[in-house]
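Visitor: Residue numbers (the working numbering), protein chains in the order written: chain W, 1 to 320; chain R, 1 to 406.
Do not take every clue at face value.
Which residues of chain R face chain W? A few of them, derived with a C-beta cut under 8 Å, are [as the list claims (entries may be wrong)]:
hint: 1; residue: T50
hint: 2; residue: G51
hint: 3; residue: P52
hint: 4; residue: A233
hint: 5; residue: Q248
hint: 6; residue: S261
hint: 7; residue: N276
Per label pair, the in silico range of CB-to-CB distance [to be verified]:
hint: 8; chain 1: R; residue 1: S399; chain 2: W; residue 2: P77; range: 54 to 62 Å
hint: 9; chain 1: W; residue 1: A80; chain 2: R; residue 2: N72; range: 25 to 33 Å
hint: 10; chain 1: W; residue 1: D73; chain 2: R; residue 2: S367; range: 22 to 30 Å
hint: 11; chain 1: R; residue 1: N223; chain 2: W; residue 2: A184; range: 53 to 61 Å
hint: 12; chain 1: W; residue 1: F297; chain 2: R; residue 2: R220; range: 24 to 32 Å
hint: 13; chain 1: R; residue 1: P313; chain 2: W; residue 2: F297; range: 50 to 58 Å
hint: 14; chain 1: W; residue 1: I299; chain 2: R; residue 2: K189; range: 56 to 64 Å
hint: 15; chain 1: R; residue 1: A317; chain 2: W; residue 2: T156; range: 21 to 29 Å
hint: 16; chain 1: W; residue 1: V218; chain 2: R; residue 2: S217; range: 40 to 48 Å
hint: 17; chain 1: R; residue 1: N276; chain 2: W; residue 2: L252; range: 31 to 39 Å
hint: 18; chain 1: R; residue 1: T184; chain 2: W; residue 2: A72; range: 13 to 21 Å
hint: 19; chain 1: R; residue 1: R220; chain 2: W; residue 2: V218; range: 58 to 66 Å
Honestly, the hints are just simulated from the structure, not real lab data. Please read these numbers as outputs of a predicted model, since none were measured by experiment. Note that the Cβ used here is the ideal one computed from N, Cα and C, for glycine as well.
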Amino acid sequence: MLAYFQDFQLTWSYFFDQLVAGLTLGSLYGLIAIGYSMVYGILKLLNFAHGEVFMIGSYIGYFVLTWLGGAADPKIPVAATIALMFLAAMLGAGALGMIIERFAYRPLREKRASRIAPLISALGVSFFLQQLAVILFGSAPKQYNAFAFDNGSLFTNVTIGPFTIQYMQLFVIVTTVCLMAALAVFIARTQVGRAMRATSFDLEAASMMGINVDRVIVVTFFIGSVLAGAAGVMNGLIFQNVDPYVGFQVGLVAFTAAVVGGIGSIPGAMIGGLAIGIGRAFSIGYVSSSYQDVIVFAILIAFLLLRPSGLFGTPAPQKV
Amino acid sequence: MRKAIVVAVSAVTAVAAIAATVASADTARVASPAAPNCKLATIALTGPYTGPAGSAGLDQRNWGRTFLSFWNSGKAIPGVPRTLKRTKLKAIESDTQLNPQVAATVAVQLRSNKDVIAVNGFSGSQENVAGGPILRRGGLSFVSGSATRASLTDPSTADGGVLRNGFFRRVVPNDNFQARTDVTYMRQKLGVGSGDSVMTVDSAEAYSVPLITLASSLLRAANVNVDRQSQPATQTDFTALANRAVAQKVKVVLFATQVASNAQLFAQQLKARGYNGEFMGTDGTFDSTNFKFPGAYISSFSLDIHDVPVAKPYVAAFEKKYGETISFGAPSFVAVQAMAMGISAACANGKVSRAEVRREIGKVKMSNTILGAPVAFDKAGDVAGGVGFSIFKIGNDGSYNIVQKG
Chain W
1 MLAYFQDFQL
11 TWSYFFDQLV
21 AGLTLGSLYG
31 LIAIGYSMVY
41 GILKLLNFAH
51 GEVFMIGSYI
61 GYFVLTWLGG
71 AADPKIPVAA
81 TIALMFLAAM
91 LGAGALGMII
101 ERFAYRPLRE
111 KRASRIAPLI
121 SALGVSFFLQ
131 QLAVILFGSA
141 PKQYNAFAFD
151 NGSLFTNVTI
161 GPFTIQYMQL
171 FVIVTTVCLM
181 AALAVFIART
191 QVGRAMRATS
201 FDLEAASMMG
211 INVDRVIVVT
221 FFIGSVLAGA
231 AGVMNGLIFQ
241 NVDPYVGFQV
251 GLVAFTAAVV
261 GGIGSIPGAM
271 IGGLAIGIGR
281 AFSIGYVSSS
291 YQDVIVFAIL
301 IAFLLLRPSG
311 LFGTPAPQKV
Chain R
1 MRKAIVVAVS
11 AVTAVAAIAA
21 TVASADTARV
31 ASPAAPNCKL
41 ATIALTGPYT
51 GPAGSAGLDQ
61 RNWGRTFLSF
71 WNSGKAIPGV
81 PRTLKRTKLK
91 AIESDTQLNP
101 QVAATVAVQL
111 RSNKDVIAVN
121 GFSGSQENVA
131 GGPILRRGGL
141 SFVSGSATRA
151 SLTDPSTADG
161 GVLRNGFFRR
171 VVPNDNFQAR
181 TDVTYMRQKL
191 GVGSGDSVMT
201 VDSAEAYSVP
211 LITLASSLLR
221 AANVNVDRQS
231 QPATQTDFTA
241 LANRAVAQKV
251 KVVLFATQVA
261 SNAQLFAQQL
271 KARGYNGEFM
281 GTDGTFDSTN
291 FKFPGAYISS
301 FSLDIHDVPV
311 AKPYVAAFEK
321 KYGETISFGA
331 PSFVAVQAMA
341 MGISAACANG
351 KVSRAEVRRE
361 IGKVKMSNTI
371 LGAPVAFDKA
381 GDVAGGVGFS
391 IFKIGNDGSY
401 NIVQKG
C-alpha cells in the first residue's frame, strides 16, 4: 500500500500541510453549516437561502475593504480594516437573515402552509439573491486581493518545528474556534440561548410556557446569518474571490456537512464541516484532485448508510 | 361549486386565448416565409456576457459591435476588398453565460428565428458541443472567435462529426497548436527536461480537459513526470493542490481554465506555499484585469491587439466607446467579418438563405485582418491563415509582454 504513495506524500510535514488546508476549508463549511443546523433544529426548515447570505456577507466585506482604500493601501491599520470588514459583514448578513425570515418564511408559518412551501420559498429567495447580486455587483468575480495586505505578510508562514502554517490559515482556524466558543456560551448561559434550546426541543410546548417563539426564531436566523457573514469575509480573505454564484456551491457542501453532523446539532455541523474539508484536502493530497468529490461523498454516503441520523443526530421516533 | 365553475371557465378562456395567439402567429409566419433579406440582414452575436467569464464575453461582444459599426458605415476594414458590395447587418445579442445548457437554449431560439442567417459563437467549446448540433439542424452557420477544442473540427470525433460540412468554423487555431506550443515553450525556454516534474490542471469541462490531456501526453512522451490534476472552476480553494505542487518540487504548473481570476488565485496560493517554479495559464486566462500575477506565463491565440499596427484605428474606436480592451475579444471582430463577407457574397443575386451563407463563409479569404495575419478556412472549419499561439509573460505592473510570437 505504501508503495502506492510517492516519497513526498509520506512525510509528516506534508500530512500537516494538507491537514491545515482541510481544517481551514472545513472551518468555513462548519460555520455555514451551523446556520443550516440551527434553523432546522427549531423550524425543521431547510433554509437553502443560507448560502446566499454567506455570499452577501462576502460582498459586504469586499465593499468595506474597497471603501477603506483596498488591501494594498488601506486608510486605517490592517487589523482595524479587517475588524470593520467582519463587523459590517456579520451585522449585514444578520440583518439579511432576519429580513428573509420576516418576509419569506414567517407569513407561510402564520398561514400554517405545508412543509414543502417554505422549502420552495427558500429556493426562491436563494435564486432571487443570486440574481440581485448579478444586477447590483456584476457577474465578474470581485477580488479581495488580500495578498497585498501589509506586503503579503498575512500569507507568510509560521514555522513550528518541521511544520509550517500561514498566518491567514491560523487566523481562520482561531477565529472559527472563538466564534464557536462564543456561540456555545450564548446557547448555554443566556436566557435567549435557553429559550432556543427549549424551542428546538418542542416548539409548541415552549410557546405554551410563555416563550416568545417568533423572537427566538428571529434570533436564530440572526445568529446563523452572522456566522455565515463571518465565513464570507474569511472566504474572501483566504480564497480572494467573491461572485454571485459562490454561495450556492459552498452552501450545498455546508448543507451536506450539517446532515453528516446530524442536522439540528451545532457541534455536529462544525465537525461535519471539518470532516468534509479534511476529506477534500487529503483526497487531493494523497489520491488526486480529479476524484476529490467522488471520494468525499462516497465516504459520506457510506457513513450515512451506517448512521442515517448523522454523527450527533438522534433518530426521529416513529409515531404509530 | 360556483368558484370551481369560475376557475374552469377562466382556464378554458385562457387556453383559447393562447391557442388563438399561437395560431395567428403561425398564420403570419406562413404569410411571409422569406424573412431573411439582403437590405438589412440579421446575425446573432453570442457570448458569456454574465457569469465568471463575463469580462471576456463582453470584450468579444464589443469587438463584434465595433466591426458592425465599421462595416455598416462603409469604412475600410483589413481584408475586405473595396469592390465588395456590403450587405448591411444588424445583430441580436444572446448571453450564453459559458453554460452549455444556456447555449443550447439560445441555439433553439436562434434556430427558430427565421431572420437570423448566421451566428457569431459560441465562445466556449462546451457551448459549441451543446448548442452546435441545434444550430446545425436549423441550417445555421456559426463562426467562433475563441472556441479552441480540437475535436470540434475533427470529423473522426463525435463533436466534429456532428458539426461537419461547414456549419462550425473558427478564426483561432485549435488546442492541438496550443498544447504543442505550451509544451515546446516549457521544454525549450523554461528548462523542463527528462525526469523533471510538471503539474497539469484542468477545470473539469470540455475546453480544458482535452487541452490538458494532450499537453500531458506530449510531456510524458518527453519523459517528463506529469502530475495530472483536475479542479472544477467553482472550487476556489487551491491550497491542497499548491501543497502538492510544492512538495513534489514541480518545475511548471500548467493550468487550463476559462476563469482568469482562478488562475490568479492559484498562482497566489502557490506563491504563499513557497512555490519556486513557473506558472503557465492557457488562453482562457488571457484577461489582464483578472489575471495579473507577475512572472506568470500565458499562451494565447490573440496577440496583444495594441501591438498590431494595422489594428490601431479599430482599437482606438473600440476603446473610445467601451474602454480598454483585454484583447481576448479581438478575434471576434474577424469572426463577424467572415460572416459579413460570406453574407455579402450570398446576397450578390439579391436573395439569401442560410445554406447559401454557409457555403459562402467557407469561401471567404481575408488577405489581412486586424490580428495582423490573413485568415481563411480549411475544409474542416479550422483557420488556414497564419494565426498561431503566442506566449506572454506578465510583468511586475501586470502588463502582458510577448515573449514568443505565434
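Visitor: Run the structure past the numbered hints and jot down the numbers of the failing ones, going up.
Guide: Hints 4, 7, 8, 9, 10, 14, 15, 16 and 18 not satisfied by this model.
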